[in-house]
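Chain residues, written in single-letter form:
Number of protein chains: 2
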Amino acid sequence: MTSETVQRRATGAGRLSTQDWTTRALQLLVDEGVGAVKVARLCRELGVTKGSFYWHFHDLEALKKAVADRWCAETRVALSEMASLGDLPPLERIRIMATQLVDDRSWSVERALRDWARSDEQVAATIADSEQHVFGLVQDALEQLGHDSRSARMRAGLLTYAGIGFAHGQQSLPKPTLEDIDDLVNFLSSEIEARRP
Amino acid sequence: MTSETVQRRATGAGRLSTQDWTTRALQLLVDEGVGAVKVARLCRELGVTKGSFYWHFHDLEALKKAVADRWCAETRVALSEMASLGDLPPLERIRIMATQLVDDRSWSVERALRDWARSDEQVAATIADSEQHVFGLVQDALEQLGHDSRSARMRAGLLTYAGIGFAHGQQSLPKPTLEDIDDLVNFLSSEIEARRP
DNA sequence: ACCACACCGTACCGTACGGTACGGACGTGT
DNA sequence: ACACGTCCGTACCGTACGGTACGGTGTGGT
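Just so you know, the sequences run in chain order A and B.
Letter by letter, the first sequence follows residues 2 to 198 of the numbering used here.
Letter by letter, the second sequence follows residues 2 to 198 of the numbering used here.
Simulated from the structure, these hints should not be mistaken for lab results.
Treat each hint with caution, since some may be false.
Since the list gives no way to pick out one identical chain from another, each pair is judged satisfied if it fits inside one copy or across any two copies.
What the hints assert, rightly or not - Below, computed lysine-lysine pairings styled on DSSO-like, alpha-carbon distance capped at 30 Å:
| no. | residue 1 | residue 2 |
| --- | --- | --- |
| 1 | K51 | K66 |
| 2 | K66 | K39 |
| 3 | K51 | K39 |
| 4 | K39 | K176 |
| 5 | K51 | K176 |
Build out the structure end to end from the sequences listed, making use of the hints.
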């Protein structure tokens, strides 16, 4: 039933569902920031008027909350999929996460959602959870490689913060290649050989 | 003359200068994001009306440009001060940069300005310059420590991205202590001992 | 004393936006 | 065929905002 509705709206005809609004709102949010998600703008892009919007949602906050709820759910799914990599060797887990972060277009929604989090508690909480989750995965992998907790904590934090930074960086710095990622993973898993005075 | 004007405005009396507007605008920008810097809001907080604003600036864009110009200038000064660390030992240079990044409150303006950069070309360009500059400093320091260019590039990118990420991260991850930074710097300057199969 | 200018207040306009009230079209079950 | 609920269009309101026009006020120079 819902799939049919979405299908019809995708072709331009038919009625709108809640998901149609949230998807378009999320797209607007990613492309042009929080300030671009407005009622009139959404209605114009969906080919409807405000009468439709205020039938589906009580107000703008309700729409934003729906978007946040949906994104939080999808993020939880993605994180659980990451956790299901537990049977792979630790080095491979880290490599996959690093590669996925760089290669995927997920950093664009990451960036948009992260500045939305400045004005929305729920989004901020979900992002914080996401950070801690990734950090924990990397830390566990490093500890399984024989690193003590202090070393694993430092290196996992370094990689996690670097991932966040990569999402927010301008494109001024050279984008790391697959070889760079290999170097990086090998580097992160290496032992400290000697300290220089 | 200007100092007197600023002084008097700081105590509540007197006329306003251009700097009074830019400082308050920057403060608003940092605290509540780009959407909070409005004419009426600024006038209310400065105890003036719009007649004053539109005498100092032609429109809102002019005010934003003034803020951007001023911040860009201050950033250039900070970067040149960083470059004046050239005579210090390389490890110390990296440690100072890392410590300053974590300890200082500069990350709050960093974060605000970086999402402003999404809608402003000048701000985006300045941030990109800043990134490349920091990256270059770290890379040079690592090369002076004997690392080949490929290794230095990877490690400098890792640290730079981690710095950006630290500015944008929620406070969910543990804030690195001074000891953590020591570990981090030692780790970044270490040699790869052995690769695990 | 007077003038000129920097600085600001007052009043006003156009527009964009969030939100409301209400009616009409369309399908669906009986 | 009838009623009912879903979904949306139309018209309208209040407000907040960017911007303009113009008059007033204080201060420094001559």
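- request: Compare the structure with the hints numbered earlier in the document and write down the numbers of the violated ones, lowest to highest.
  value: Going through the list in order, the structure violates hints 4, 5 and respects the others.
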